[in-house]
Amino acid sequence: MSEITVTIDGEKVQVKEGANILDAARKINVDIPTLCYLEGVNEPAGCRVCVVEIEGEVGLQPACKYKAKEGIKVKTNTPEVLRARKTVLELLLSDHPFDCLTCAANLNCELQSLADQFNIRQIKFQGEKNEYPIDDLSPAVVREPSKCIACRRCISVCSEVQEVHIYDVLERGFPVVAGPAFNDSLLDTPCIACGQCILVCPTGALHGKDDKEQVWRALRDPDKHVIIQTAPAIRVTIGEMFGMEPGELVTGRLVGALKRLGFDKVFDDCFGADVVVMEEGTELIERLENGGDLPQFTSCCPGWVKFCESFYPELIPNLSSCKSPQQVFGALVKTYYAEQSGVDPKDIFSVSVMPCVAKKYEAGREEMNDSGQDRDVNVNLTTRELGEMIREAGLDLNKVPEEDYDEPMGHASGAGVIFGSTGGVCEATLRTVYEKLTGEELEDIELRQIRGEDFKDGEIDLGDGRVIRAAVARGTGNARRLIEKIKTGEEEYDFIEVMACPNGGCVGGGGQPVYSGYDRWTKMGQHYLKRAEGLFEADRQKEHRKAHNNPHIHRLYESFLGEPHSEKAQKLLHTGYTDRMLYTRDRLHGSKECNDGALPHCRQGEQT
Amino acid sequence: MGQSIEEINKEKLVEIKKKEHFKKLLEEKNNEKYNLIDFLHEVQNIYGHLSRDIQITIAEEMGLPLSQIHSVVSFYSLFTTTPKGKYTIEVCMGTACYVRGSKDILDKLSKELDIEPGQTTEDKKFTLEGTRCIGACGMAPVVVINGDVYGRIDVDDLPEILAKYE
Chain A
1 MSEITVTIDG
11 EKVQVKEGAN
21 ILDAARKINV
31 DIPTLCYLEG
41 VNEPAGCRVC
51 VVEIEGEVGL
61 QPACKYKAKE
71 GIKVKTNTPE
81 VLRARKTVLE
91 LLLSDHPFDC
101 LTCAANLNCE
111 LQSLADQFNI
121 RQIKFQGEKN
131 EYPIDDLSPA
141 VVREPSKCIA
151 CRRCISVCSE
161 VQEVHIYDVL
171 ERGFPVVAGP
181 AFNDSLLDTP
191 CIACGQCILV
201 CPTGALHGKD
211 DKEQVWRALR
221 DPDKHVIIQT
231 APAIRVTIGE
241 MFGMEPGELV
251 TGRLVGALKR
261 LGFDKVFDDC
271 FGADVVVMEE
281 GTELIERLEN
291 GGDLPQFTSC
301 CPGWVKFCES
311 FYPELIPNLS
321 SCKSPQQVFG
331 ALVKTYYAEQ
341 SGVDPKDIFS
351 VSVMPCVAKK
361 YEAGREEMND
371 SGQDRDVNVN
381 LTTRELGEMI
391 REAGLDLNKV
401 PEEDYDEPMG
411 HASGAGVIFG
421 STGGVCEATL
431 RTVYEKLTGE
441 ELEDIELRQI
451 RGEDFKDGEI
461 DLGDGRVIRA
471 AVARGTGNAR
481 RLIEKIKTGE
491 EEYDFIEVMA
501 CPNGGCVGGG
511 GQPVYSGYDR
521 WTKMGQHYLK
531 RAEGLFEADR
541 QKEHRKAHNN
551 PHIHRLYESF
561 LGEPHSEKAQ
571 KLLHTGYTDR
581 MLYTRDRLHG
591 SKECNDGALP
601 HCRQGEQT
Chain B
609 MGQSIEEINK
619 EKLVEIKKKE
629 HFKKLLEEKN
639 NEKYNLIDFL
649 HEVQNIYGHL
659 SRDIQITIAE
669 EMGLPLSQIH
679 SVVSFYSLFT
689 TTPKGKYTIE
699 VCMGTACYVR
709 GSKDILDKLS
719 KELDIEPGQT
729 TEDKKFTLEG
739 TRCIGACGMA
749 PVVVINGDVY
759 GRIDVDDLPE
769 ILAKYE
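Line by line, the protein sequences give chains A and B. The numbering used here applies: residue 1 is where the first sequence begins, and numbers increase by one. The numbering used here applies: residue 609 is where the second sequence begins, and numbers increase by one.
Chain B extracted, bound-state conformation:
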């Protein structure tokens, strides 16, 4: 499979740590330290997403209806139900960016990476998202990749930018 035993063990260790962290959070939830949204954020920080199983576990452990958990998760765009790639590309779709061509950028990226906005490439490298205004209208159109901001770009700049993320 191309993975050494060390690599497999390392992955397992990461998984076990996530599980322990989650368990600890679930125990703490009784301290009324968390409201639901905070709690969901904490869990998403551990796993990077809130899958169906994670939501079911939270519903059971917090004694809340699953419909309510899912309602909150599906309402806020900051929650995601699918695992994200190594790099998340956010294309600002705010008004200023939009009129300066961010839709073309999103379409181009979508075509290049062969995924729809909201999806992740098969190799789990890139997640593509169109976001609401990020407040950098002076630099429109803006693309953010894992926190790195690229402003006043155009579709032709994209290959060079993407090449930086290997």
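Chain A with its partners taken away, still in its complex shape:
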């Protein structure tokens, strides 16, 4: 593309054709404020905070949408421009709650930052405010529509990236708000709880459910034996909440901080991931050898599982019956660990820390109680919540001494660790499956051909004429396209890993630290590579890199489970799925169709 020259505040700058004014200004460190714009995802030019003066144009122009043209002269901070921006902010603030001190987005709110940058000390416009009730019925995502500034970022991410289509603009004019159809609770929609909307919301209108208090209460209770499992992705992201570089591996300090918070045992969820490799790998071998439903889809990601249940229930037989590492671990903590340690399972309070809000939903799924002790996982915390707890306790992760995970569920192979990155589950499983099927060690232990981008595939040659065709998708939008390709017969696979979060799977999960600014999505796209590299580094450091070589896994099977897919393993580690197709379900099953209603498919008992 050819370069063009534009003048910004008197300074000449060269940009690529097609760049917008924001890109040009950024090149010479001129800061133009933004609010609705989200680079690469959302460009409605709706908020008008980024307006600039362009010579020859009538009226002010939005810098996010206006494409640079050769020779244009832009002024970004004339009194008119600054006054217009301030007025826009004052109007937005006149219809915004002022509970900043107790808001979930306090100190990480783009509207708050702008109010500060523009030194707004009083609101000129006093008038009506939109007051919508808070929707906190979903176990994962809380919506506070009164704080919505109608930027549409959640709509763009949910519809265009994830293709789940929960949100759209409701109403028009003053009461306008982004929300689910009929402003229903998220609980009553096919929301998959991936939490990507939380990661992009500029204010506190969307945030994760706060479950910290339950954990504090358990930690204070002397009768409770509180254990915590840490997901693979936490060790490469929580450092960012304490000023560290993205991808910095802080496993030891994380364990140290958790012990100082008062957890009785700190375990590694990657141990659960190793068990998943054993169970899911065995299932794949069975399906391959006995003509089962193929492709086999991974089931580690609760967002993807709910997506499959809600939009492709016909694929439920293809989902691995193995639970996710969180739930495998949860079921084992209250059985295997209790037996080994002699702790009464009734006293065990099981906490998990995950990079994910969908895990909150998963932990609450009715069937996740196979240990026979109420919930297998009592409370799930996100990376954000754990970081907040560490801060609240006055600890600085930079200075906490490193410590080791506890036995018997603290040691994992490298396979379990890479579960936190896109392609990781697939690679970890294939390391084990290959060796079981061929009796040989997989030489190229890092299956590079399937690690990676939007969706990738590859073939693993078993040497006897057989190959395993594998594919990896990150983001449910990509998963949808992959599934459509399979349905039309364009592609055929044996094993498919899907992670609901588009920026690298769990390392870019909806429970990870929330960035700020219009380039936050771009940043997440860059940082996930660093975060994933942190995990693959941890993998390389491990003594054992394949789940079936982990001596702690051997002990688990020898002393407790027997073998993969044993009766006990089936009971504790496997599960079933439910058709959750919301609207068509009643009609397809025919049971609720009423015969004489005015609507072709009206549901019984609902007047039209």
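Because the hints were derived from the structure by calculation, they are not lab data. Predicted, not measured: the structure shown is a model, and the values here were computed from it. Since no wrong hints were added, every one of them can be taken at face value.
Calculated pairs, SDA-like style, for lysine to any residue (alpha carbon to alpha carbon, straight line, at most 20 Å):
(1) A:K487 to B:G671
(2) A:K65 to A:G46
(3) B:K692 to A:F182
(4) B:K692 to B:G656
The hints should help you fit chain B onto chain A, whose structure is shown.
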């Protein structure tokens, strides 16, 4: 219940006809004859409103997200999600009508009928609405009832006007 079998059958027949009409529309939608807004208008012409269930059915049949359907329906004031009464009273709230007292008329009607603007009386007889300018500013303030236009009226004229609609 006060309804004869003939009356019940007649009502059922009307419902069945609506259903057939809707089904036919849904089949035609594949001919690309309709865009979404046109289609919603056609369906509203059949049922008089676009209820939650109707919107869900349209979303499914057209293969569009429900959020998108609802977004369009809630944007345009000509779409309504609740059934309307036999008579729709529209009070013009345009600038000219407003300064000549249409707000008093709306308030009075609201009080008389015991409903808020946008609602329908329990007996399904009247729906009350405040509308945007209807372009009859010379006759301000203006009230329109099922297409009959009443201009230069005042609150005291209302009982007489309403009495015409039984």
